[in-house]
Each structure stands twice: as C-alpha cells, then as structure tokens.
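The task is simple: from the sequences and hints, build the whole structure.
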Amino acid sequence: MSILIDQNTRLIVQGITGRDGAFHARLMKEYGTQVVGGVTPGKGGQEIEGIPVFNSVAEAVQTTDANASIIFVPANFAGDALLEAAFSGVELIVCVTEGVPVLDAIKAIAVARTRGVRIVGPNCPGAISPGKAKVGIMPATAFRPGPVGIVSRSGTLTYEIAANTGKFGQSTVIGIGGDPVIGTNFIDCLKMFQDDPETKAIVIVGEIGGSDEEKAAQFVQQYVRKPVFGFIAGQTAPPDKRMGHAGAIISAGSGTAQEKIRAFQSAGIDVIYEPEELAEKLKARIM
Amino acid sequence: MKIHEYQAKQIFARAGIPTPREVMVKTPLEAKQAAVAVGVPAVLKAQVLVGGRGKAGGVKRVDRFEDVQPTAETILGMSIKGLKVTKLLVSECVPIKSEFYLGITIDRSARQPVLLASAAGGVEIEEVAKTSPEKILKAEIDPLLGILQFQTRNIGFSLFNDLKLASTFSTLCQKLYQIFVQRDCSLVEINPLVLTDAGALLALDAKINFDDNALFRHPENEALRDPEGEEPKEMEAKAAGLSYIKLSGNVGCIVNGAGLAMATMDLIKRYGGEPANFLDVGGSSSPEKMVTAMRIILSDPNVKAILVNIFGGITRCDDIAQGLIAATEKAKIKVPIVARLVGTNAEKACALLADSPVLSATGMSEAVKLAVIKAKEAR
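Protein chains in written order, with my numbering: chain L, 196 to 482; chain D, 221 to 599.
Hints are supplied without guarantee of correctness; some may be wrong.
Claimed, not checked - According to the in silico footprint, chain L covers these stretches of chain D (three or more CB under 8 Å from chain L):
hint	region
1	288-298
2	321-334
3	359-373
4	426-435
5	487-493
To be verified - One-sided and incomplete, this derived list gives chain D residues near chain L with beta-carbon spacing under 8 Å:
hint	residue
6	Asp404
7	Ser463
8	Cys570
9	Gly583
10	Ser585
It is worth saying that the hints were derived from the structure and are not from the lab.
All figures in this text were calculated on a predicted structure; none of them were measured in a lab.
Quick reminder that beta carbons are idealized off the backbone N, C-alpha and C, glycines included.
What follows is the structure, given as structure tokens:
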C-alpha cells in the first residue's frame, strides 16, 4: 500500500506542451507512472513523449479514463486549470505551479471540496510512492520503497529528509506546498498514513508561518499510533520577512519555529534538528 | 506588497468608506499649508511601511497652527525601524466616542477569508487574540458566496446594539470585502474604526496589503509601490529570479529551495556560526544566476565564508558548478567556498570543481561544519 497515488493512478498532465510540463511528463512516465494524456488548449491531436494531447481536461478524462491530474500551467491560468480539473471527474489534482493568487486557490479548493476532489498544492513538488508512481517533480533517485511516510511543506528539503531515512525507504512522500492556502494539509496526510498498513513511521517536515504544524501536533497526540518524527525549518528566520515561500513568514509574533517545535515535543513527536539524525532515530523506533 | 496609510485611505474613500479630511505632504511648509485646510487640532502621522510608528513617536497631535511646522520637521527627519520618514499625513482631529477594530484577512487553516471585528480597537489585534479571544467577533466568509448581510449585521448589533449603526457598519463591511476581493488583498484593516461624537463611523487608520502573487493582474498597483520600503539588494536578487534576505552573520549561503535554505541557516547556527543571508536560487538555475548570487553575497563585507548547498532535482549541479567557476574566475575571491552538491549531475559537478579552489563536502552537516570553521579562521 501507499497513499494518494500508486500503480493504478492514471494521470493527465495539464500544460504538457510547456517546457516544465513536457520535461516532467517524460520523467514521470519513465518512472513508471501511467501518464495517459496531456492537455493544452489548441494543441489537441499532437503527441508529446508518446502521450496524446487533448484540448480540454474533460475530453482527456473521457478518452483516457484518467483519475488524476497534475498542473504545470502558468500562475495566471492556474486558477482556471484547477477549476477545469475539479469539474472533469478526476479524484486528485496536484498543482505544481508557483505564484497562484491566494484567492484563486481558495476558490478552487472550495469548489473541489464540494465535488469530493482532492487538491494537493499549489506550489508543491507533488507526491511519490516509490516503485509505484511519481506525480511530481522530485528527482527519483532520492527515493526508494519502504515503510516511512513523509509529509512536507518544502521541496528540496523533502528530498534531503528522504535521502536520510538510512536503510529504510518510503511508502509515500508528499510535498503539500509552501503557499499560505493549500488543498491538502498535514492532518489530511497524517490520517492517510495512520490508516496505511505499509507505513510504519511518519516524518512531518514543517516550516515557519501559519499554525498547521501546531494543529498537526494536536492530531498526532489524539489519533496517530505510529512513531512520528518532526523537523521544522526556519529557526533563524527574522520576523516579517517572507522566506521564499509565500507562506513562510513569521507575522505578528506567531508562526515561529520555536512554537512549532514546542508543540511537536508536547505531542510526543520526536524532533530532529538535522536531517542526518533521522536514520539512527528510525532504526531505534521501527521494529 | 504593502502600501501607505494615505494610499489605502484613498482606496477606501473611492469605495465609499468614510475617512477623515487629510492631506499627504513631504515638507514642513506643506504641512503648515495642509493644516490650514484641515484645521487644528490636527494629527501628523509618519507614512512608513512598518508597524509601531506611534510608539516610535511618528504620530503627533498638534493643537496650535504655529506648532505644525516644527512638529512636522521633527517627524520628517526621523527614522522608524531603519526607514527614513519622507511622507507625512496631516489629518483632521475627530472627536471620538469609541474605537473599534475591523479587518479582513485570510484564515490559512480554514482556507477562506475571515472578517474580524472587536470593540477593543486601537491596539494590536494580535494581542487581543492572544489574551482575550472572546473579545473578537468573527465572520467566516464562504469564498463562493462572499460575505453575507446577516453576518455583518449581527456583528454590527453586537458592537453597537443599535439598528441604524449596525446597518451602517454592515454596509461598510460589504464595501471593505469588495475591496479585498477586487484588488486581491491579503489584508485590509481599519484600526481604529471610530464612532464620532456626531454618530458617524470613520476609518481613522487604514492598512492594505496586496497578494504578491496576484500583482500580475493589477497593473494599477504598480503606481502605489514605494521603493523606499524595499532593500535594494533584495530587489536586485528578485530581478534575477533569486530570493535573497540579508541577515547579520558571516556565513553566506546559496541553497536551492526555500525550505532547504532555512534548514541550512538553522544548521549553521547549530554548529556555532551565524548565517549572513537567506538565498534561494530557485528551480532551474543557470550558471548566470549563480554568478549574480555570488556577487550579491560578496557585496556584504561581513561574509567570511560561503556555503553552497544544492540538492539537485530540476536544478542541475553542473550548472551550479559552472556558475561557481565563472564567479571565482571573474573576481579574485578570497573568501573560502564550501560546496555540497548532490542529486542531478552531481558527478559532473565534482569533476568540474576538482581543479578549483572550491572545497567540497558530501553531507549537509559536514559541509556546514566546514563552512563555520572556515568563517571562524578568517576572523
């Protein structure tokens, strides 16, 4: 098992004729993901990397029976792309696009919720269930199959953490995105990892800004019965400065790394302070 | 993107939200003339893009005409949190019965906008939220429906216990939400919203932050941008597709990805060093981007060592290595450089750097330790 994506995921790529879309469509396909179609309005009928291109998401889904979509379209069209996907019948939408206006994300997430569709992102690296499927932009070499579930707000930091699981591989690794408003949060992923028999331990990779880590900590304390490890980036970040991600900002004294670390500790989450500590800690906690 | 109070009030006024009579000025003489127009007593308010100007002495009430010019001179000469005051708002002094807080922002966890109001106006709402959350009235806004009449009317009743005032307040909230949505704001705030002796509601202060991600569809906002509030090096970095923030330490860092960049800074501190900056080179990084990154970091005289930490995915390590070589060849760099490049094309990168003075490390902790030691040696 794994969560969100596996060998049965049938993926379409929105924005497949763009530079990033085409590049990652190829890499995802090479990884073994069933990439069944792509969408770029006006380019229907073409083929990219052997993948048929359609003019609309609805047409792509009808023709290919896709159940997931990944979005690479530019930020000014991403809100519409999210809505189009939400209305198309897919169950999962991963939005890689960075710089989506917050109100566009909010609207799309609200619509998706009413239709029972899950959005991951925006501004996220996507998800990988090693050995089964990759729906995202992460370098495949950093991951291999195993029992550790990882959920993270970052991109490259996620790869760094995954590369430090030592002799253990990963069940699923999800980057939920660095924006203030995202479709899937820590708690959504923690629930799925708790219910996934293959996942034996969970790593939460958080960062400054907002209060999702604190809420995740509460959830862990109440519902999660598996070993949970936590890492928080941004202890040295100054207040009122946006640290790259739109969501990574300490404002009005809240959202600090210290608060989040304290919340983790009081929930019994094993806090790691440098990625290289993880392998040893996992060895001690996974039987 | 933040804008000044006087700019926010112009937006409010155009939307039909009442604001005091006031004039923005840039010199003490202009201030004196403005005071003639608005009358005394008047309030002089420094226009800077940071909070806490009141505590810093940037807001002063003036009762006599002859005091306007000297007071304006004092405020226009001061710096608040490192920002020089160059603009002043001369505002009429309104007789106030009571003060309120009103704001609309994004509730990140609930994934929707939220309207907040409180009878505890004038103070920092974050403090109220922490110490007495029951004093804050909330309307969760359904993004598909917008803010609903009954929501704002009910809050109005709780605040004023009067039908007429409640409906005036309700209309004002609707207008505020229109601004929030139409201009893609991340915050609109009136603190304080005042009830005057005459029984009117007035926005005595105003704050608007725009969502940076939505600026592409609001060309009208560019005219409101005040470059005085922005660090020039951070702007230069932004133009080159880099995200840079200057800090006060001596270990410069170049990292790909914001999360990894923050984690690298934290690790520098953990090993006894102090990061000189945050720098995210972003996804697809060309050698040219690296050259710019190196130049920006080296322009900070505090920097005694540079740490390059790259986990290659979209970013190719050989691009980074080529950029490093180009940068070191261009300028004779005396500062030691430690590079840790893993992931996409790491082998190529190592080969490229073999004959260069760049020190390499394989693990993140190892690289950080080495950079911290090098920075200490250089002192």
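How the hints compare with the structure:
no.: 1; hint: 288-298; result: violated (count 0)
no.: 2; hint: 321-334; result: holds (count 6)
no.: 3; hint: 359-373; result: holds (count 3)
no.: 4; hint: 426-435; result: holds (count 4)
no.: 5; hint: 487-493; result: holds (count 4)
no.: 6; hint: Asp404; result: 6 Å, holds
no.: 7; hint: Ser463; result: 4 Å, holds
no.: 8; hint: Cys570; result: 16 Å, violated
no.: 9; hint: Gly583; result: 6 Å, holds
no.: 10; hint: Ser585; result: 5 Å, holds
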